[in-house]
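Chains A and B supply the protein sequences, listed in that same order. Start counting at 1 in the first sequence, then tack on 17, and there's your number in the numbering used here. Start counting at 1 in the second sequence, then tack on 522, and there's your number in the numbering used here.
Among these hints, one or two may not hold up.
[Stated by the list, open to error] As a list, the in silico EDC-like pairs of lysine to aspartate or glutamate whose alpha-carbon atoms are at most 20 Å apart:
#1 545/B / 121/A
#2 70/A / 531/B
#3 243/A / 525/B
#4 565/B / 66/A
#5 560/B / 587/B
#6 56/A / 24/A
#7 243/A / 587/B
#8 673/B / 706/B
#9 245/A / 596/B
#10 226/A / 706/B
#11 601/B / 93/A
#12 70/A / 714/B
#13 65/A / 596/B
#14 673/B / 705/B
#15 669/B / 717/B
#16 56/A / 93/A
#17 546/B / 121/A
#18 243/A / 694/B
#19 79/A / 24/A
#20 245/A / 547/B
#21 161/A / 547/B
#22 646/B / 706/B
#23 243/A / 690/B
#24 65/A / 587/B
#25 576/B / 66/A
#26 234/A / 531/B
#27 545/B / 129/A
#28 21/A / 202/A
#29 161/A / 535/B
#30 576/B / 525/B
#31 243/A / 705/B
Treat the hints as calculated values from the structure; they're not laboratory data.
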Amino acid sequence: MVKKRVDGREMNELRPIKITPSVVERADGSAYLEWGQNKMIVAVYGPKELLPKHLANSQRGKINFIYRMAPFSVPERKNPKPGRRDIEISKVVGEALSYAVLLEEFPGMVIDVYVQILDSNAGTRVAALTAASVALADAGIPMKDLVTAVAVGKANGNIIADLNKNEEDADDAVDMAFAMLPGSEEIVLLQADGILSEDEFDKAIKIAKEKCQEVRKLQIEALKSKFKALKG
Amino acid sequence: MKEIIFPGDIINENLKPGFGTYKKDGKVYSKYLGILYKDEGIKVIPINGKYIPKESDNIIGIVLEEDNFVYLLDINSYKQGVLFKRANNAKLYDVYLMRVNSVNEIRDVELEVISKLANGEAVKVNPKKVARLIGKNKSMQTLIETKTNTKIIIGLNGIVYVIGNDVEKIKEIIKFIEDYSHEDNLTNKVSEILDKMNVKK
Numbered sequence: 018m019v020k021k022r023v024d025g026r027e028m029n030e031l032r033p034i035k036i037t038p039s040v041v042e043r044a045d046g047s048a049y050l051e052w053g054q055n056k057m058i059v060a061v062y063g064p065k066e067l068l069p070k071h072l073a074n075s076q077r078g079k080i081n082f083i084y085r086m087a088p089f090s091v092p093e094r095k096n097p098k099p100g101r102r103d104i105e106i107s108k109v110v111g112e113a114l115s116y117a118v119l120l121e122e123f124p125g126m127v128i129d130v131y132v133q134i135l136d137s138n139a140g141t142r143v144a145a146l147t148a149a150s151v152a153l154a155d156a157g158i159p160m161k162d163l164v165t166a167v168a169v170g171k172a173n174g175n176i177i178a179d180l181n182k183n184e185e186d187a188d189d190a191v192d193m194a195f196a197m198l199p200g201s202e203e204i205v206l207l208q209a210d211g212i213l214s215e216d217e218f219d220k221a222i223k224i225a226k227e228k229c230q231e232v233r234k235l236q237i238e239a240l241k242s243k244f245k246a247l248k249g
Numbered sequence: 523m524k525e526i527i528f529p530g531d532i533i534n535e536n537l538k539p540g541f542g543t544y545k546k547d548g549k550v551y552s553k554y555l556g557i558l559y560k561d562e563g564i565k566v567i568p569i570n571g572k573y574i575p576k577e578s579d580n581i582i583g584i585v586l587e588e589d590n591f592v593y594l595l596d597i598n599s600y601k602q603g604v605l606f607k608r609a610n611n612a613k614l615y616d617v618y619l620m621r622v623n624s625v626n627e628i629r630d631v632e633l634e635v636i637s638k639l640a641n642g643e644a645v646k647v648n649p650k651k652v653a654r655l656i657g658k659n660k661s662m663q664t665l666i667e668t669k670t671n672t673k674i675i676i677g678l679n680g681i682v683y684v685i686g687n688d689v690e691k692i693k694e695i696i697k698f699i700e701d702y703s704h705e706d707n708l709t710n711k712v713s714e715i716l717d718k719m720n721v722k723k
């Protein structure tokens with residue numbers, strides 16, 4: 018018999034993912050994403066002039082990525098003031114996106130990406146990255162490739178993909194956020210806590226690369242729905 | 523239905539790569555989510571995005587702000603357009619037909635006023651769909667103008683000025699063209715819709 022996880026998933030099975038592009042009317046591009054229990058809205062504004070001008074880089078554009086969790090997105094109320102974690106995620110995810118977007122086309126300009134987490138259950142940073150790249154494509158911003166991300170890790174002695182909150186809280190838990198450009202397999206985000214052996218790490222990376230290709234297919238399906246077919 | 527392409531897709535064609543593509547390790551990739559065109563070369567027209575200013579384009583701008591020396595205009599682009607007060611006498615929300623005299627490397631534009639537009643309404647269009655709204659040899663524009671008995675002035679930056687009574691009808695048609703610009707034979711379909719609208723009336 019094949020061993021299954023507590024929530025009934027296979028060892029390397031993702032939670033159900035649903036992406037809807039163009040949900041915010043006044044934004045240049047946007048997306049709504051459900052990844053298991055995680056729910057979030059991403060809105061993209063720009064490219065636009067970066068003010069005050071001394072912050073602007075005359076060689077290339079900037080991505081201003083803002084990740085915020087709603088007070089009701091976690092079981093215990095979260096203080097809406099951006100904390101250490103929000104600032105860290107804004108930085109690393111923004112940098113991962115900067116690698117994919119062709120920013121040299123927008124000197125002195127900025128692209129604002131706002132992520133609002135409405136509900137969370139582990140793996141929101143990879144979900145935010147996945148949704149943000151859909152929103153950027155929706156806004157018509159030039160990119161090398163869509164960025165896809167998954168979390169992999171270890172819980173209760175098994176190497177698994179897409180951990181949920183219970184698995185993340187296991188005694189031997191390792192949570193590894195992983196993002197790459199699926200075409201060239203360039204890794205743009207890799208963060209981990211906990212301890213993995215070399216073999217386990219290699220195995221985890223292999224699973225992550227496989228799963229990223231799966232996520233890209235879902236992103237493409239979502240973007241395809243923007244092109245409505247004419248009836249009759 | 524035309525071919526849809528996604529950022530990072532490889533384009534396997536032996537044609538000259540053009541707008542919306544980039545080259546890496548001898549392969550050609552798409553930069554945008556959009557539609558792939560293969561005529562003399564390959565180009566990808568994005569589904570969305572702002573107006574990229576080009577020299578000698580005719581555009582339409584709306585005055586949105588003023589200070590002591592300049593008016594700032596919404597031109598649907600990355601940056602606002604600037605008109606000097608010493609040369610122009612405008613009010614807020616005035617609409618101008620203008621020509622782009624020059625564009626520099628950081629996409630600042632220099633504008634020259636052709637005329638002030640009056641007695642109509644400005645409607646915004648997705649700048650990437652303006653070419654479809656004009657059509658080949660202005661076929662779509664003429665069709666809409668004759669069937670609705672209005673005059674439309676199209677700015678290449680995606681602001682359309684409608685003079686006539688049927689502004690709501692024009693808005694509906696523009697929405698249709700934006701939604702279905704990837705379909706073939708668009709002019710015929712728009713013609714059918716306009717006929718249906720005229721019957722209802």
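- Would you list, in rising numerical order, the hints stated earlier that this structure does not obey? Checked against the structure, the hints that fail are numbers 2, 4, 5, 7, 8, 9, 10, 11, 12, 14, 19, 20, 22, 23, 27, 28 and 30, while the rest are satisfied.
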